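K.L.:
In the order they appear, the protein sequences are chains R and P. For the first sequence, counting from 1, position 27 maps to 27 in the working numbering; every step adds exactly one. For the second sequence, counting from 1, position 37 maps to 37 in the working numbering; every step adds exactly one.
By construction, these hints were calculated from the structure, which means they are not laboratory data. Hints are supplied without guarantee of correctness; some may be wrong.
Said to hold, decoys possible - Under the rule of at most 20 Å between Cα atoms (straight-line distance), these lysine to aspartate or glutamate pairs were calculated in the EDC-like manner:
#: 1; chain 1: R; residue 1: K46; chain 2: P; residue 2: E73
#: 2; chain 1: P; residue 1: K35; chain 2: R; residue 2: D210
#: 3; chain 1: R; residue 1: K46; chain 2: P; residue 2: E67
Unchecked claim - Take a look, some chain R residues computed to stay more than 12 Å from chain P by CB distance:
#: 4; residue: R42
#: 5; residue: L51
#: 6; residue: G120
#: 7; residue: T220
#: 8; residue: L244
Only a predicted model underlies this, so the values are computations on that prediction, with no experimental measurement involved. Ideal placement from N, C-alpha and C gives every residue a C-beta, glycine not left out.
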Amino acid sequence: MKDQTKIDELLNGYIDDQLSQRQTTEVQRLIAHDEQVAGRLRELEKCKMLLESLPIAEAPACMLEDIKSALERKTLLEQSSYGFDEHKGIRHLILRKVLAAAALIAIVAVLVAVVYTILGPQAVPQRPIAVEDAKPVILNPVKEVPIAEKPQPTLVATAEVLPDKPTARIVQFAGTLDVKTNSLIVVDEAIKRSIENNGLSQCLKFEKKDRENTYAISCTRDELSRFVADLKDIWPLFDSAALLVSTAESDEKVRVGNINAEQTAEIVNQASKFEHIEAAKKFASLNNTLTGAKGTLTAIDDGRGNLITPPKPLLTSGERRIKKIAVDEAEDETLNFTIVVSADN
Amino acid sequence: MEPDQKVKNINIDDSVLVQQCRLGNTTAMERLILKYQSRIYNVILKICANVDDAAELTQETFVKIIENIDRFERRSSFYTWAFRIAVNLTINYCKRNVKLGFSSLDTTSNGEQDDARGALKEILRDESSPDPARIAENKELCELIIKSLMKLDDEQRAVIVLRDIEQMSYKEIADVLELELGTVKSRLSRARKNLRSILEVLL
Numbered sequence: 001m002k003d004q005t006k007i008d009e010l011l012n013g014y015i016d017d018q019l020s021q022r023q024t025t026e027v028q029r030l031i032a033h034d035e036q037v038a039g040r041l042r043e044l045e046k047c048k049m050l051l052e053s054l055p056i057a058e059a060p061a062c063m064l065e066d067i068k069s070a071l072e073r074k075t076l077l078e079q080s081s082y083g084f085d086e087h088k089g090i091r092h093l094i095l096r097k098v099l100a101a102a103a104l105i106a107i108v109a110v111l112v113a114v115v116y117t118i119l120g121p122q123a124v125p126q127r128p129i130a131v132e133d134a135k136p137v138i139l140n141p142v143k144e145v146p147i148a149e150k151p152q153p154t155l156v157a158t159a160e161v162l163p164d165k166p167t168a169r170i171v172q173f174a175g176t177l178d179v180k181t182n183s184l185i186v187v188d189e190a191i192k193r194s195i196e197n198n199g200l201s202q203c204l205k206f207e208k209k210d211r212e213n214t215y216a217i218s219c220t221r222d223e224l225s226r227f228v229a230d231l232k233d234i235w236p237l238f239d240s241a242a243l244l245v246s247t248a249e250s251d252e253k254v255r256v257g258n259i260n261a262e263q264t265a266e267i268v269n270q271a272s273k274f275e276h277i278e279a280a281k282k283f284a285s286l287n288n289t290l291t292g293a294k295g296t297l298t299a300i301d302d303g304r305g306n307l308i309t310p311p312k313p314l315l316t317s318g319e320r321r322i323k324k325i326a327v328d329e330a331e332d333e334t335l336n337f338t339i340v341v342s343a344d345n
Numbered sequence: 001m002e003p004d005q006k007v008k009n010i011n012i013d014d015s016v017l018v019q020q021c022r023l024g025n026t027t028a029m030e031r032l033i034l035k036y037q038s039r040i041y042n043v044i045l046k047i048c049a050n051v052d053d054a055a056e057l058t059q060e061t062f063v064k065i066i067e068n069i070d071r072f073e074r075r076s077s078f079y080t081w082a083f084r085i086a087v088n089l090t091i092n093y094c095k096r097n098v099k100l101g102f103s104s105l106d107t108t109s110n111g112e113q114d115d116a117r118g119a120l121k122e123i124l125r126d127e128s129s130p131d132p133a134r135i136a137e138n139k140e141l142c143e144l145i146i147k148s149l150m151k152l153d154d155e156q157r158a159v160i161v162l163r164d165i166e167q168m169s170y171k172e173i174a175d176v177l178e179l180e181l182g183t184v185k186s187r188l189s190r191a192r193k194n195l196r197s198i199l200e201v202l203l
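Please model the entire structure based on the sequences and the hints provided.
P.N.:
Okay, here's the thing in structure tokens:
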């Protein structure tokens, strides 16, 4: 087979006149001695001759003009294509696609938001939620059940029971100032004006009996301090004044007799329940001492022939340290202060 | 390749025309087109077997030649370079449009085909050499031969057309198809053997 292929190639080269002299001689010898090879040569020659006999086709007459037109057309297209920046065009196209995608996403987002608003869960109340703190406010107490069976506290119920401010404010101080005066009307007027000036009208419970007025005020420490300071002006109209101090957590009560405006203010201004009581005790002890020495220290000579009443002692500086106000505690505390003004005689 | 040998490869007329064409001389360009248009058209037509496609491919070939004339490196002759472009375009086209070439040949009637077959049988059986002029005059016979040619695969058809129709040497065929010389010989041998078998089958 390989020889046959080789012979075929030689025969093809022979008819195409592509062989060297030596190869041509070899082929001629083969043809002369091998009839089969000679027949094969004739077949190849006829095959070649058939193709060579095919008429030569002439190019269309308009070929040159067509080629020139095609070249001009192509040149024009290329020139027009130089007129614009291809990369810029691509960038512009990409930008348009990105913007279109962004717009589509925005529209979808808006639609989702609208649908969520319509179909989504109810908005949670804005007020703070303290589930644990809901326990003290039990409108309908129910029987204790195991934890696993306990209904979970609902948000709505919890939010509803929470007050804006704590309902049970801590009563830090409770004092009753018992005053006797011959100028009941003047004192009454002055106390009411002072209450009004300090904005305590809302905190006032006023009770009037025959020849006795009761002013019950429930307010903050600052408000009470200002109010007590205002009372200083009418204090000389009091024939006697005694302050009964108590606290909400203790049954201990301290009565400070012959108390003056400054002492009252100091007791009110103490920072804690304990200090209120302690201050009251000290003033009570001090004022009792003075009362016990009555007659010996009621008047002294001022050296110029005038008799003066010695001022009642105040707490010394070391004791004044307890006057410091605990601001943190003062924020939520409530002081109850009652003035009972009764007429002498 | 030696410079002298490079110069020998370029037909003097072609080299001058190519040089002038590179300088923008339209007359030189027209002369190159006129010189080769029919030969290129004829080869393309014998490979693709469709007149309209052959005209279009010829036009495309020359547009490509003019566009790329600056890239012509003169390692081969302009003639083989131009035919390389033409044959590559045509083979690519034929591979994309396999059925087109055959359909264009199905225009002859059964009676005409029988006549052509009879003539072909006579030529192949006859011990004497046939008359090429008589073959060329028989249109149906020519169509039958082209139809047989179209049954070869594209590469074998290109080799046999370049050799038997364009009369290129083996060396030039190797240049055009960018093949080894031995490959050209073996491919041409197989192409003729296959064509002979196809013709026998047609009879």
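K.L.:
Give a verdict on every hint.
P.N.:
Verification of the supplied hints:
1. The suggested pairing of R/K46 with P/E73 is violated, with an alpha-carbon distance near 39 Å, which exceeds 20 Å.
2. Note on P/K35 and R/D210: the hinted pairing is violated, with a Cα-Cα distance of about 144 Å set against a maximum of 20 Å.
3. Of the supplied pair hints, the one linking R/K46 and P/E67 is violated, its CA atoms being roughly 41 Å apart against a limit of 20 Å.
4. Distance check on R/R42: its Cβ comes as close as 8 Å (rounded) to a Cβ of chain P, failing to clear the 12 Å threshold; non-interface status is violated.
5. For R/L51, the non-interface assignment is contradicted: its Cβ lies about 4 Å from the closest Cβ of chain P, within the 12 Å cut-off.
6. With a least CB separation of 59 Å from chain P, R/G120 remains clear of the 12 Å interface cut-off, as annotated.
7. In this structure R/T220 is separated from chain P by more than 12 Å, as the shortest Cβ-Cβ distance comes to about 98 Å.
8. Listed as a non-interface residue, R/L244 keeps its Cβ farther than 12 Å from every Cβ of chain P; the least gap is roughly 117 Å.
In terms of the numbered hints stated before, the structure departs from hints 1, 2, 3, 4, 5, listed from lowest to highest.
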